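For the protein sequence lines, the chains are A and B, in the order given. The end of the first sequence is residue 328 by the working numbering, with every number in the run present. The end of the second sequence is residue 200 by the working numbering, with every number in the run present.
These are computed hints drawn from the structure, not numbers from a lab. Being a predicted model, the structure only gives us computed values, none of them experimental. Note that the Cβ used here is the ideal one computed from N, Cα and C, for glycine as well. Warning: the hint list may mix true and false statements.
[As the list claims (entries may be wrong)] These stretches of chain A come out as covered by chain B in the derived footprint (C-beta under 8 Å, 3 or more residues): (1) 127–139; (2) 180–186; (3) 227–233; (4) 252–262; (5) 298–312.
[Said to hold, decoys possible] If you only want the chain B side, here are some residues facing chain A, beta carbon under 8 Å, derived: (6) Lys48; (7) Glu50; (8) Ala167; (9) His169; (10) Trp174.
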Amino acid sequence: MKTRMVFGAFGLLILAIVSCIQAASPTAVDIIKRSRLAEDKCCYTGHLKTTAYTQQGSVSAEVAVYDNGKKSRMEYVTGPSKGRVILDDGVHVIRLDASQRTAFASEAPECPCQMDLLLANYTPTLQGNAKIAGRECYVIQLKPKSPRDPSKRLWLDKKTMVALKTEKSGANGKLESSTVYTAVDYAKRPANALFAVPAGWKTVHPADQPNTLAAVRKAVGFTPIKPGYVPHSYRFDNYYLRNTPECKQFAGLRYTNGMNTISIFERKGPCPNEGRGRGSCRESCAACLVAGNPQVRAAQRSLGDLAIIVIGDLSDVELKKIADSIK
Amino acid sequence: MNTNNELKCEKVRELLPNYSVGAATLDECTLVEAHVSECANCADELAALNKTGELLSMISLDPAPDLWNAISADLGPRHAGQGVRDWFGGHRFHLTGMAVATAALVMAALFLHPKMSVHEDAGNYLAQHASMSWREPFADKAGLGLIDVAYAAPVSEASH
Chain A
2 MKTRMVFGAF GLLILAIVSC IQAASPTAVD IIKRSRLAED KCCYTGHLKT
52 TAYTQQGSVS AEVAVYDNGK KSRMEYVTGP SKGRVILDDG VHVIRLDASQ
102 RTAFASEAPE CPCQMDLLLA NYTPTLQGNA KIAGRECYVI QLKPKSPRDP
152 SKRLWLDKKT MVALKTEKSG ANGKLESSTV YTAVDYAKRP ANALFAVPAG
202 WKTVHPADQP NTLAAVRKAV GFTPIKPGYV PHSYRFDNYY LRNTPECKQF
252 AGLRYTNGMN TISIFERKGP CPNEGRGRGS CRESCAACLV AGNPQVRAAQ
302 RSLGDLAIIV IGDLSDVELK KIADSIK
Chain B
41 MNTNNELKCE KVRELLPNYS VGAATLDECT LVEAHVSECA NCADELAALN
91 KTGELLSMIS LDPAPDLWNA ISADLGPRHA GQGVRDWFGG HRFHLTGMAV
141 ATAALVMAAL FLHPKMSVHE DAGNYLAQHA SMSWREPFAD KAGLGLIDVA
191 YAAPVSEASH
């Protein structure tokens, strides 16, 4: 009897210790959920380096970042995009063009189901700890369940849950892009003026309309067509109205697997390079627009008087299959 | 005391033009915002600059509707090609040959560099794709801001 009591107490003690350890070391799912929630709360300024790997090499830029939790500003201070400024006002992504004193705004859609989709299509794994910009970080791997989808590694600040480093690799395992903070300061609150379109500038943005098929159809003058095929991990999000810089409107259809977007743009007129020398496409061809940038390939197709452009981080074969299924 | 204030006003007024068009640095913004909240004169100066910016943006840069007619009327009496001959010092010049050469150059530009016009379209579609991807969980926003440039820019760095 005494022995049983001792074993019972010992078992309870082991259970308590295991529970304590589990509470102290959160799971990868807990971490990414906490990080997603923290995105709207954290206020900081920072400096990062972002690199896109192409088939021939790479293109890099250093970027100054200002974030007040609700709005953000990115200033590209080096590289081929030097001088570019992008604002995020919480609804739109706004590109400031100093040469035209014009702000080009596009709605940045958010699907409420994205986190569930992400967890349905990716397996998060806690790979360990590392230091980025002097901050202790969790290293999380997001491995796709479908072999056709890209993967991601995240370095999340243990205290603030901000992603201080991101690496994206294609379905073939090759690194496509990498962004890493070289400095971050959570104590410095960015000035409000940084998030505003400069006074006196013109702002170009699509008319405020609901993102419904009826509204988009009315604006573009034709019924946007859904593809007959998209990879099974992707879900239709919505129809969107998009603008060219010359204010011509076209339809956008968005599909997401929770972490990766497929954009389908449909507009009246010929394909962007139809009938223009080499590489022109009468029917359909994969990677006509973007051959050298692995993280965004594109396929395009003419269908009657419509030009259809499919963009996403998928293989050329998959993109062509999607484009060909629009009938 | 007054001299200190005047020095601060002088410094802030140098920063106001950049601040009003959103080109000031973070430190400069902080300095300007702190100062104009206390200094009515500098606040007025900033308001005037903002107003000027708004007025400038309203000015139409389109040419007057009768401008071309006026130029055409001025050129009308001259014989076609006279201007070109004058340009070449009055020597006889084979306009037909020049037209053929120009056409050949244009055709060569179109067919040897078919992606010149595609870049502009592609840049817009890629920017639209970037905004459609912007709010994905853990989106690499700095990387998304680079995708059209990464496509269009010459690649000079070493392969990874």
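Hint check results:
1. Counting residues of the segment 127–139 of chain A whose CB lies closer than 8 Å to any CB of chain B gives 0, so the stated coverage by that chain is violated, three being the minimum.
2. With 1 residues having a Cβ less than 8 Å from any Cβ of chain B, the segment 180–186 of chain A misses the three-residue criterion, and the hint is violated.
3. Coverage of the segment 227–233 of chain A by chain B is violated [criterion: at least 3 residues with CB-CB distance below 8 Å; count 0].
4. With 7 residues having a beta carbon nearer than 8 Å to a beta carbon of chain B, the segment 252–262 of chain A meets the requirement of three or more and the stated coverage holds.
5. Coverage of a stretch by a chain is defined here by at least three residues with a beta carbon nearer than 8 Å to that chain's beta carbons; for the segment 298–312 of chain A and chain B the count is 3, and the condition holds.
6. Given hint, Lys48 of chain B at the interface with chain A, is violated; its Cβ is 17 Å from that chain's nearest Cβ, farther than 8 Å.
7. For Glu50 of chain B, the interface hint is violated, since its Cβ never comes within 8 Å of a Cβ in chain A; the closest pair sits about 21 Å apart.
8. Interface restraint check for Ala167 of chain B: the shortest CB-CB distance to chain A comes to about 7 Å, inside 8 Å, so the restraint holds.
9. At about 4 Å, the closest approach between the beta carbon of His169 of chain B and any beta carbon in chain A falls short of 8 Å, and the interface hint on this residue holds.
10. With a cut of 8 Å, the hint placing Trp174 of chain B at the interface with chain A holds, because the nearest CB-to-CB distance is about 4 Å.
Hints 1, 2, 3, 6, 7, counting from the list given before, are not met by this structure.
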